[in-house]
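Participant: Following the hints, put chains B and C in place on chain A, whose structure we already have.
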Amino acid sequence: MARTDSDPLTVPVAANSSSDLAEANVDLTAAAGVEEVPPELVAQSMGEYVRAYWRRVRGGDSGVLPVVVGIILVYVAFQIADSKFLGAQNVVNLLEQSSIYMLLAMAEIFALLLGEIDLSTGLVMGLAAVTLAELVQPAGAANCALCPHGLAFPWWVAIIVTLLICMGIGAIQGTLVARFRMPSFIVTLGGLLILEGVSLIVLNGNPVRLGNLQLYDIFWGHFSTLVSWILLAVLVVATGATWWFRDAGRRRRGLVAPPASFTAVKIAAVIVAGVVVVLLCNENRAHFGVIEGVPYLIPIVFAVLFAWTVLLQRTRFGRYVYAIGGNPEAARRAGVSLASVRTWCFVLAALTAGIAGILFASWQVFLTTNIIKSANSYVLLAVAAAVIGGTSLFGGRGKTIHGVLGGIVIGGIYNGLYLLGVQSEWVDVGIALVLLAAGTIDVLSRGGGRPGTT
Amino acid sequence: MTLTQGKLEPGTSGEPAPDVDLTAAAGVVEVPPEILAQSLGEYFRGWWQKLKSGDSGMLPVLVAMVIVAVVFELITPENAFLRPGNLVYIFGLSSVYMVLSMGEIVVLLLGELDLSIGAVALMGGVIAYKLVQQPSPNFPWWAAIAVSLLCCGLIGAIQGTLVARVKIPAFVVTLGGFLFFTGMIVIILGGADTSLGLDPTVPNQAVLYNLVQGNLDVVVSWVGAGVVVVVLGAMTWLGAAARRRSGLVAPPASLAAIRIGLMAAAAVAVLAICTVNRGGVFATIEGLPWVIPVVLGILGFWTVLLQRTRFGRYVYAIGGNPEAARRAGVNLAGIRTWCFVLSAATAGFAGILLGSFYYGQYSSNVGDPGQLVLYSVAAAVIGGTSLFGGRGKPIHGVLGGLLIGGIAYGVSLMNLGTLSIPLEYILPGAVLLLAVFVDVTSRRGARTGKDAARV
Amino acid sequence: MSEENEHGVGPHPSTTAEPLLKLRGIDKHFGAVQALYQVDLDLPAGQVTGLCGDNGAGKSVLTRCIAGVHQPDRGQIYFEGRPVHIRQARDAAALGIETVYQDLALADNLDIVQNMFLGRERTRHELLDEDSMERSAGETLAGLRVTSVRSIRQPVGSLSGGQRQSVAVAKAVMWNSKVVLLDEPTAALGVVQTRMVLDLVRRLRDHGLAVMVISHNLNDVFEVADRLAILHLGRMVAEAPAASFDRQSVVEFMTTGVSGGRPDASYTSLEQPAEAAETEA
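Protein chains in written order, with our numbering: chain A, 626 to 1079; chain B, 105 to 559; chain C, 13 to 293.
One chain only, chain A, in its complex shape (with noise of 0.2 Å):
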């Protein structure tokens, strides 16, 4: 169907249009959270959309915005206190350190996309880390309490169990969510000193050391320079590729699609900061010797990225969450099964949190009963990172890229915040407050609270 002035689809009905503004009874629904139509949907042209997207701004719906600003604020800030902070060894660092709270916000956008909450994401990465560890040990170790002799297990062995385990509490949770229907904060709050204890049980009051070198190495570990060139140009090409192709064959079908000077800019965008990671990664950053490259565990993220972004938006699956937590009961009566699909939201929110564990215990390399302990502020952290990144904590709406971004700021701001040498007390301050800020934005960007809500 081409594109005509006559296709009645795209020419408004004018008359009708302002009549129906006056006259709208519209129920309580569309009338708590009216949106613009998102600008990308009828802008013909580059300056067309940024008109739109501006008015759409101010009307209140900002989408990623706010995080962006977020993360040049944040970043420009502690730049100026601090001018070692956006150096190539400091920078490298953040994106480290980021990369849990990344992790863990994309795991928490699992259940904040159903309108639920999962508490337990920091204990489910600190229980998969002690266990990641505990696993490895060699024969002959005397440390865990369910393990006395030391298992020994291959690396790759004790992940798969590890990523297991983490699957199986966010199955127990999910049912008692899902067909329980038992409030997720309890559940997740519940579990979340449950697992408190058990890692505590499995640490068996012994701290734990990581001793092996193909899980430190998760971490630690890099590509080469050369390689990290060749990695970015096969991502940039490969996503270039896809957008442009898709874009350009939607706007020949005559679909609704962005126009081709946007695709363009998005492109560039991924360009210009692929290329800046890489040029600081490649920058020297060691105090000895040489640490030059990409980290490994960048394209480990960008892989959960990538998996969880395709699951979220490109499947039936991805699309019942959305539907869930826009109203469950049009879900339901469309034949969804509210049960299944929230379930499995907690079983890949605790699977991703696993794969934080094993970040965080290559990370951590030594594992105390502290760390553990410390494994509890993750949460908060990571619900704040999601909020920060766009997501709604009321459900329906979210990206799983707004748990990268989000981490960037949170893993800034904890960046920032240890560079200037600030107490953990004023630490906790901080993100308290930044919490409150993002709550307050998700709130105001919905016109005043959940749709519906007195």
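Source of the hints: derived by calculation from the structure; they are not laboratory data.
These numbers were taken from a predicted model, which means no experiment stands behind them.
Keep in mind that a hint or two might mislead.
Pairwise CB distance ranges (calculated) [what the hints assert, rightly or not]:
1) B:G294 - A:K998: 47 to 57 Å
2) B:L254 - A:W845: 34 to 44 Å
3) B:G521 - A:Y1043: 45 to 55 Å
4) B:R347 - C:V203: 31 to 41 Å
Derived, one-sided and incomplete: chain C residues facing chain A with beta-carbon distance under 7 Å [unchecked claim]:
5) A106
6) L107
7) G108
8) E133
9) H137
10) L140
Every residue, glycine too, gets a C-beta built ideally from N, C-alpha and C.
Facilitator: Then chains B and C, alone, in the frame of chain A:
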């Protein structure tokens, strides 16, 4: 035939087909038996019906208390659980959870959740303790308490405003509050390893110290208890009689008698336990601990406020159906904000009690704010309060708090070696899950507020 | 009230032929409450049947029996002449019976295409086939002349009430449906949007579907219905071409179950003649 002639008959002979409201048909809630019963027998039959249809109220917690008492008595070393000294200790420990829980219940009734209540409690305690320090500022104890409660109320006002007017979800606001004040406490104390102490020999500070640790004289205890029972009993009896006389809905006379009897029996039991010397060979510790009348006083305050004032009525209304309350002219934002204020102030007082329980020492790890919140929520839910709003009473907090305290103490009595620290985490988690699970499954017939509309 | 409706088309010839959907003797009770008693109903193809009745008369229950949400205790449903058992919503959908409930069941955060295909998405290699879904949705909307929507990828939350209703109706009729039940489609709408929806209802009829509209609003009913069926306290007290009623008689039937009636009215309800004789003064 036209409309004016004849009767408006349903249509044919045979049974009329009454109007069907699908919602009512789907979840018919029995009329509470106290309303319809004319005799004691009827009352109990009605109560049994209510139980079977899923509205079990306080029964689970009472049953659980019996089970816990029996189980722990059997499994603790030397059957030490039910000794008078331990029972009083349990009450002291539970007092914190009871008061905290009463504060949390107010927020739960609205259908919200206050996660910061633990941290605010610690704030309240720290502020009060800091204010009575010698040589400065050396506030009189009543002023220290007042200022502390005012500060906590202010915290509640800020959180309440963010929730009620700015409409940020309560759990985000209170989560932020939790973090904020956890950090704040360390800052006020002056560092992670410092602590504040009370000197019980200083009369001003002794008052705060004695809140949990001090006891009334034995004679005063009995007399006081007697007075309270008589007064409450008279109020119950005369109130019921007056209602019956004027033809209003009232429970049967025998029921009022039973209630008074139970109250008296409970009072006697408690006093008997407290009168026994529980100090052992080295000291004489006997008499009703101050903490009992203090907690009962708070219970009385909250019960009156929630059950007998307009404010309380509005709180329940908002929890049950906010839209209906709004249309009836209730000031939603105002009531909600006040609930957070009063709940925070209550939490502050719980914090003061907490310090007293720990022998007047306040350090940054005297209480884990997270654990405090969990226990208070668990206590409320176990006691019979709904997480979704519209259903609950302050007494639920007292009963639930007692149960939680009993479990916590019972576990600590058992020597579990390396498992004891992990259990400190696993136990509250398991208790919370169990409480909510029981609530969700056994109280199906009483779904109120947001719960009724969940898909 | 003339015999012909305003489009100048008389009652569809299939009134005399087998109706597409036929209910006979439907009983339904909930506990001690009898919601439906011996209800008969004809839904002919190519006609709009207005189901009227006061609150609590049983309209929603009857609709849900047809839609498969409830099972009748007694009685039989005939579809295209064959007896059928509709035990769940999926059975009704399989037959081609679609229902649009009063709350519309739309997810505000999803766009029009996503809502229209909710639960029945098309996939290619396990991934959603967005292009084909978008095209089909567009064609359906165009076929129903729903033109006031700016973009088919607009989130449903940003549409007006009438547009949302149109999307909900379009969602219902996309799937080779033969019978469409609309529960209070104009209840929350203003004048202009009501017009939009009623036009839509007529177009459904013109496509040959059997349409049943439940409504309180007698203005809307009289505008669009070819037949009226009136429930009173669970019984079908009147069922005939719309032309045989006037406003007063409909109100009388709704509120009392009987009416002085017009001499040329032909009632298909079994009870009516005996009652009329009984209560004739």
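Participant: For every hint, state whether the structure bears it out.
Facilitator: Structure-based check of each hint:
A C-beta distance of roughly 22 Å is found between G294 (chain B) and K998 (chain A), which places it outside the suggested range of 47 to 57 Å. With their beta carbons about 52 Å apart, L254 (chain B) and W845 (chain A) fall outside the hinted range of 34 to 44 Å. Between G521 (chain B) and Y1043 (chain A), the C-beta spacing of about 38 Å breaks the proposed range 45 to 55 Å. A hinted range of 31 to 41 Å is violated for the C-beta pair R347 (chain B) and V203 (chain C), which are about 54 Å apart.
At its closest, the beta carbon of A106 (chain C) sits 12 Å from a beta carbon of chain A; the interface hint therefore is violated under the 7 Å criterion. Look at L107 (chain C): its Cβ only gets to about 15 Å from chain A, farther than 7 Å, so that hint breaks. With a cut of 7 Å, the hint placing G108 (chain C) at the interface with chain A is violated, because the nearest CB-to-CB distance is about 16 Å. For E133 (chain C), the interface hint holds, the least distance from its beta-carbon to any beta-carbon of chain A being 5 Å, beneath 7 Å.
Checking H137 (chain C) against chain A by beta carbon gives a least distance of about 10 Å; that is not within 7 Å, so the hint is violated. Interface hint at L140 (chain C): satisfied, since its Cβ lies 5 Å from the closest Cβ of chain A, which is below the 7 Å cut-off.
Figure legend: structure checked against the earlier numbered hints; hints not met, in rising order: 1, 2, 3, 4, 5, 6, 7, 9.
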